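There are 2 protein chains.
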Amino acid sequence: MDEVQRVIDDISAKAKTASRTLLALSTEKKNNALARMAILLLDNKGYIQKENEKDIEAGKATGLSPAMLDRLMLSDDVISAMIAGIHEVIDLPDPVGKIDGMQRRPNGLLVGRMAAPLGVIAMIYESRPNVTVDAAVLCVKAGNSIILRGGSEAFYSNRALANIMQKALLESDIAKEAIQVVPVTDREAVNVLLRQEENIDLIIPRGGEGLIRFVCENSSIPVLKHYKGVCHIYVDKTVDIDNGLAIIVNAKTQRPGVCNALEGVLIHEDIADTFLAALTPLMVKEGVRLLGCPKSTALSEDIAAAEESDWGKEFLDLAMCVKVVSGYEQAKQYIEKYGSQHTECILTQDYSLAHRFVQEIDASAVMVNASTRFNDGGELGLGAEIGISTTKLHAYGPMGLEELTTRKFVVFGEGQVRN
Amino acid sequence: MDEVQRVIDDISAKAKTASRTLLALSTEKKNNALARMAILLLDNKGYIQKENEKDIEAGKATGLSPAMLDRLMLSDDVISAMIAGIHEVIDLPDPVGKIDGMQRRPNGLLVGRMAAPLGVIAMIYESRPNVTVDAAVLCVKAGNSIILRGGSEAFYSNRALANIMQKALLESDIAKEAIQVVPVTDREAVNVLLRQEENIDLIIPRGGEGLIRFVCENSSIPVLKHYKGVCHIYVDKTVDIDNGLAIIVNAKTQRPGVCNALEGVLIHEDIADTFLAALTPLMVKEGVRLLGCPKSTALSEDIAAAEESDWGKEFLDLAMCVKVVSGYEQAKQYIEKYGSQHTECILTQDYSLAHRFVQEIDASAVMVNASTRFNDGGELGLGAEIGISTTKLHAYGPMGLEELTTRKFVVFGEGQVRN
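As given, the protein sequences belong to chains A and B, one line each in that order.
Count along the first sequence starting at 1, add 1, and that's the number in the working numbering.
Count along the second sequence starting at 1, add 1, and that's the number in the working numbering.
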């Protein structure tokens, strides 16, 4: 354990030192390093896949499920996607150095807020080794060092990818400690990481709810995270029915296993009969299991009675709750009780109600007449994302490059003193 | 202890419920409530001062220092200042509802980011009961509920002020639980508060370093804070000497006991002789004790040799470190080692160096040719401030109304689905 402490102390101090050289790098220099990473990842595909094979073999030996093994696999397609992702990040504007709201104060001081790198970010994640590259590339573009702690089942893969990225940094005359993988698999390493508040500025956990709760409860460093996505659509009585049906089918079925997929529909009682008559056959056709309140089960035999534990459940599967409500107020109360502050949507043609909904509902994304699946960095215009936050501090919703920076005050004076 | 848990559970749940009614209140309604507070504080000055007297008497009995008793006192002047502060906050723009960066995505979705209240804020502080009013007023203006936990030595004062503010809320048809004082003085109450992550969105501690460290180490809720202000000025060889001297005298002596006061001066070796010859008599005249490196003590007999522990010390007093450096690079290294990321300043007429400094130095405020005393919400144009953050997440530097909000994504669609 003392050895783990020593190792983590060492990499976090090196990450901090590297971050000081990164914070003022030119955009060109950072982009050149990223381009070099893309080239070296392709050139070293054989080495990467050989290391990945070690993880796959070990995974088979320890009985990982086929789905887990699939996530672990660095196939040609996965590597191509990582490389394409790097080029997307190169094309994004550099967030660092942008000054907002520059104003002249009455005493002549020029005051503005300049975007600056956060410093050192530690990413704690499970499975997919492509996160290693995706996260590192975003952090470096925003001028930050990153410490990567992936799952032990992907240790060789993550280390190989980091080796290649470090080589690209070195060849681009950037401190290679800007990207480091925790070199030990001991579980204790996570605890030690979470206490490095002198050197680490932000922790981003990505994975199951258990991992995220563990990180939050044990970290003395700020954490950005989301636990789960329990997303709802409220169908107002003024809904455009065809649009509404298409949105619900898309939100539930286009990719049911992700956090912005739909988990519950709330329907205004005035149109429940008509709307459910149109919706249920579509959902049944898609294989979606419907679990409803007594009013909805009375309206359709395709809806089974929901258990109490179904309300607010993140199914991540072809299943969904249905509830008939008396109107917007009841829908709002339901969302306050069962929502996870991820994505909430209203289907309505009522102008005032649409504006009330976006103002009153507390979620990282509030939507009118659009699929919940759009709560995603790429879809909302941020470019690539490093995760989604459902806590309201620093970032709420998808986190892109801008969310990997802070804003410091810059003050240009000409000898001003305070009275 | 079970009773403390019950009490804190109760007030934090009520604060959460109140926050849901606050988030969409009109600016007029919030301002009317604040104006009512100002009137009632004046009308009830007698009651407030009678309650304050209980704290003063208890403080005398337990042997509080005269300085502590002075801070505790709600004199006519202190109450007038609180009321003036309320009117300043009324005049500030309402941050809630502002939408930034609205753009039309290629698929026609309109996407923007809307400022929304954080929810529930808990403030943990020592001494000065005027913080009770200052903090509550800012939180309510930004649409948040606040839970106030002041020092036990100010218990009656804080409770009296909260009672008056609650009365103003009630008369303005706003949930009175938007402002609550923790009704028990048990120390355990703080521990319980710090674990209310279901209902509290942000903790702001204000007080000594011990209090702040305790809060950070025990909170599972995000914390915004600063430990201390170790602020430096680097005097470049191209300094405008008269301006520079005036800035240093102001930064060190105008109010030495506050966090943005100057604690160390770094001087370019090429001008150290001339500059110190002009600076030391001014500082001696102001009664400032100078503690320096060997090069500086050799240049002036008014500078005593610094101990190792003086470097990076927050004196909060008429004392200051002086170090002769070989140039900007050495000054930067010194600031990286001893600074507290609060306020750092350069005195220079060199255009390129000024821009390098603001880009490369990591502090909540980086300044050129201005007194460090300007790192303050009012001076930097935020209006009133609720504190200063030296962590980089969410806010870096003074926190005003805008920092008491988050930004959620708003998405206006016309039936868009994701492919």
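Hints may be right or wrong, so weigh each one.
No distinction is drawn between identical chains; accordingly, a pair holds when it is met within one copy or between any pair of copies.
Said to hold, decoys possible - Straight-line distance between alpha carbons at most 25 Å, and here's what the computed SDA-like set of lysine to any residue pairs gives:
1. LYS55 / GLU302
2. LYS99 / ARG114
3. LYS99 / GLU210
4. LYS17 / GLU218
5. LYS229 / ARG419
6. LYS177 / GLY98
7. LYS17 / TYR335
Hints listed in this document are in silico derivations from the structure and should not be mistaken for laboratory results.
Just so we're clear, the structure is a prediction, and the values are computed from it rather than from any experiment.
The hints, checked one at a time:
1. LYS55 / GLU302: Answer is neither: 51 Å inside a copy and 69 Å across each miss the 25 Å cutoff.
2. LYS99 / ARG114: Close inside one copy (8 Å) and across copies (18 Å); limit 25 Å.
3. LYS99 / GLU210: Result: close neither inside a copy nor across copies, 35 Å intra and 33 Å inter.
4. LYS17 / GLU218: both (24 Å within a copy, 21 Å between copies)
5. LYS229 / ARG419: between (49 Å within a copy, 20 Å between copies)
6. LYS177 / GLY98: Intra 23 Å, inter 43 Å, cutoff 25 Å: intra-copy only.
7. LYS17 / TYR335: So LYS17 and TYR335 pass the 25 Å test across copies only (15 Å; inside, 45 Å).
The structure is inconsistent with the numbered hints 1 and 3, although it conforms to all the rest.
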